[in-house]
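Participant: Chain by chain, the residues run as shown.
2 protein chains.
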Amino acid sequence: MDEFGIIQKYFAPLAKGYKGALGLKDDAAIYTPTIGKELILTKDAIAQGTHFFGNEKPEQIAHKLVAINVSDLAAMGATPKAYLIAMILPKSTDEQWIAGFTEGLRSATEKFGGHIIGGDTVAHDGKMSFSLTAIGEVPSGKAIKKSGARQGDKIYVSGTIGDSYLGLQILSKKLDIKSSYLKNRYLMPEPKIKLSIKLQGVASSCTDISDGLVADLKHICGTSGVGAVINTDNIPLSEDAVKSGVSIEKLITGGDDYELIFTIPPEIKAPKGAFYIGDITKNKDVLFLDSNSRPIKTAKEGYNHFS
Amino acid sequence: MDEFGIIQKYFAPLAKGYKGALGLKDDAAIYTPTIGKELILTKDAIAQGTHFFGNEKPEQIAHKLVAINVSDLAAMGATPKAYLIAMILPKSTDEQWIAGFTEGLRSATEKFGGHIIGGDTVAHDGKMSFSLTAIGEVPSGKAIKKSGARQGDKIYVSGTIGDSYLGLQILSKKLDIKSSYLKNRYLMPEPKIKLSIKLQGVASSCTDISDGLVADLKHICGTSGVGAVINTDNIPLSEDAVKSGVSIEKLITGGDDYELIFTIPPEIKAPKGAFYIGDITKNKDVLFLDSNSRPIKTAKEGYNHFS
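As they're listed, the protein sequences go chains A and B.
For the first sequence, position 297 matches number 297 in our numbering, and the numbering has no gaps at all.
For the second sequence, position 122 matches number 1122 in our numbering, and the numbering has no gaps at all.
The shape of chain A in the complex, shown without the other chains (with noise of 0.2 Å):
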């Protein structure tokens, strides 16, 4: 089957809710905006061997790609309205991987919302890799930046943390635990949309944890001027991560995540499912402290390509 078989039979059916997408014919999808809206556009890309396995399922996959992504939108606070995917294969892929892959993007797609209105594939002699371009919406002045975070300011986690990190391990056979649960985390991470709509108008600042807890409330922080005390007794960990024995340091500073970490103001009540952690300072150090009130040392604080 050629490539624009390929585009008809399996990513057309998904682009078929959206008018704009032109039925996956045409040179580029039209966007019609909200009136009253922003858009908010990320983009990220993930790699066989860097970001995933290559021996996964391919709908699980898919459902990262997408998860990831949509993640990005719910740390500024939009809804996903639209995607659009670019997919480098090994010329050796197969039709049936395909149809998984794309059933794949079908769920996910459904499950966060929005709809796939363009994109391209590339047969190619090496490895996959994938982009998502995902686009969505927030009222107009009313996304949630990193550099909002104000002195006083209490922090909040969204979930768990860590558990994507020891999915990893065990996945890689450097752990050796039984838990599904800590495998799935890994592989099908759940991006907090709704908890994100929430925090419009709510939230002082936002990002979602994927370099890790450390490195990403030092994002927060260093894009806001602002420094942070963390209380590590506070992080939520899963019953699995307790188990597991691994240090409170690792699961800190694994990333993979994909929970949302924010800052509220004070005088603002937290909505449902938030976890506070600690608070933001005038001073620009950033500390997570043991049950005996003493600075956590971390020696690696996320993860960083080209590094």
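Some hints here could point you the wrong way.
What the hints assert, rightly or not - Not everything, but these chain B residues come out facing chain A in the computed CB check (under 7 Å):
hint	residue
1	Val1122
2	Lys1146
3	Arg1150
What the hints assert, rightly or not - Looking from chain A toward chain B, a few residues come up when the C-beta cut is under 10 Å (computed):
hint	residue
4	Ala82
5	Asp125
6	Gln200
7	Gly201
8	Ser210
If you are wondering where the hints come from, they were derived from the structure by calculation, not from laboratory data.
Beta carbons: idealized from backbone N, C-alpha and C, even for Gly.
On the provided structure of chain A, position chain B as indicated by the hints.
Facilitator: Using the frame of chain A, we list chain B on its own:
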């Protein structure tokens, strides 16, 4: 230098003119649509070994990536506004290469219009590949689609056909002639954005020639439910293409021209820079006639992945 260092040193300057890019420090960019305009969204990917050799200057690869995406915007009559880039690079990529690539992005986006407002960089064990999402604007309802060609419309192209195909043949050492003009047409395509703006409200259909004149005219005819008769003597050829002695069949099926092919109702005057090549017919055949009005047979009908 780490990923964040590269973003701030090389990519942030490209985003400087666009406030919503937030200095590339946030999770996503904020795009404020112009009132009365619709957005045109496209995303094309290029991979080493498939769309480029890899030993080109990084500036040239960047130029081509921007140009082929802008060409898709031009095909719809849209003005370029913003771009998001994904770069999948070998781990061995050095800073000098990235400096050259971003210089190519700067020069192309300055030339064609619009700003880089986001993206992602991945280092992996493998070859280079890139995707670009291009965002353009058209007055609402004015996007030119492939599907609008009607019986009696005249068919035009925006420039000489087959030059890029010949350039690729020279660069691949399959054609032994000297022509920096032809090589340049392959390496540094120039999307026809100025002409495309003049086609708003004038052309009944349009697409850019990336898969070859034959294949792309068939896309117009297929989506419009019409046919075409082309007099191949009318197809504009460069002096170097004529001198090459390569057959017209190869020139019109080679692809990568990034010229526009469009249709205009007979009562409307074509703008300057439009070359008349034939007519839209009710009969759904797409015929290319030689000097004796005999149909030419074209074996290969444009480039197709997975075929």
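Participant: In ascending order, which of the hints set out earlier in this document are inconsistent with the structure?
Facilitator: 3, 6 and 7
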